[in-house]
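> Sequence:
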Amino acid sequence: MGRGRVQLKRIENKISRQVTFSKRRSGLLKKAHEISVLCDAEVALIVFSTKGKLFEYSTDSSMEKIIERYERYSYAEQRLNMTNDESQEKWNLEFPKLVARIELLQRNIRNYVGEGLDPLNLRELQSLEQQLDTALKRIRTRKNQLMHESISELQKKERSLQEQNNLLLKKVKEKEQQQQNSSNFVFPHPPPQSLRPSSLSIGGAFEPAGAQNEQGGDDGTIPNTTSPMPPWLLRHANK
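Quick note: the sequence shown uses UniProt numbering, first residue 1, plus one each step.
Hints are computed from structural coordinates only; laboratory data are not their basis.
It is possible that part of the hints are untrue.
Said to hold, decoys possible - Have a look at the derived ranges for each label pair, beta carbon to beta carbon:
1) Q106 <-> H148: 34 to 40 Å
2) Q162 <-> R142: 26 to 32 Å
3) I66 <-> L104: 52 to 58 Å
4) L154 <-> L104: 42 to 48 Å
5) L80 <-> L132: 46 to 52 Å
6) R142 <-> L117: 22 to 28 Å
7) Q179 <-> K156: 33 to 39 Å
Idealized CB from N, CA, C, for every residue including glycine.
Between the sequences and the hints, there should be enough to build the whole structure, so can you do that?
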């Protein structure tokens with residue numbers, strides 16, 4: 001026969017109550033530590049005895065941190081519940097206004113492109129025309145501004161390219177000038193003149209270079225130094 005369910009109630013005996021509190025308190029603190037380690041949970045346990053004595057346990061001795069987190073969560077939960085109720089009521093009031101606003105914007109868009117003009121009266125058409133004129137002026141002003149900015153940017157690039165071109169031309173001229181100076185360089189000592197070859201007259205004697213000038217006199221004429229060819233050379237030529 002199994003045990004029946006024990007009914008929990010306050011222990012009337014004071015001594016028994018204190019003993020039970022001491023035993024259950026130790027077991028409760030142990031269970032809190034076990035669940036903190038096994039499940040990697042942040043646990044905070046606060047117990048006050050009947051005499052007002054405090055017993056506590058917290059993960060990594062961070063009781064204040066856990067309590068602050070609990071308070072933030074509780075406050076956020078309350079605010080969320082209140083916000084949900086307020087938001088629902090607010091949306092019930094704002095929804096028809098938003099629908100009407102959307103319809104008005106859609107009608108204005110159609111009017112701006114020239115559609116749905118039949119329901120408009122003369123004053124509304126004049127107002128629409130004025131709005132379109134104002135919009136066109138703003139568009140043209142913005143377009144002209146962008147064009148001026150683009151032209152200014154192109155002019156700035158042109159000046160930059162011109163400066164680079166001038167710099168390159170200057171470098172080219174300096175290089176050409178350096179090459180020209182190198183080609184016009186004069187050696188400090190002229191190269192030695194080559195010796196004139198000695199002249200050899202057929203049938204005559206060997207004469208060193210310059211001998212003819214010495215024999216020719218001061219008038220610069222070249223004397224006739226040829227002589228009759230020897231007989232053996234004539235026979236060889238006739239063959």
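> Measuring from beta carbon to beta carbon, are Q162 and R142 in 26 to 32 Å?
holds, 31 Å
> In this structure, is the beta-carbon distance linking I66 and L104 contained in 52 to 58 Å?
For L104 against I66, whose Cβ atoms are near 53 Å apart, the range 52 to 58 Å holds.
> That 22 to 28 Å hint for R142 and L117 (C-beta), does it hold up?
holds, 27 Å
> Look at the Cβ atoms of Q106 and H148 and judge whether their distance stays inside 34 to 40 Å.
Holds, at about 36 Å.
> Within 46 to 52 Å or not, the Cβ separation of L80 and L132?
holds, 48 Å
> Should the hint that L154 and L104 are 42 to 48 Å apart at their CB atoms be regarded as holding?
holds, 44 Å
> Mind checking the hinted window 33 to 39 Å against the Cβ distance between Q179 and K156?
holds, 35 Å
The structure is consistent with each of the numbered hints, conforming to all of them.
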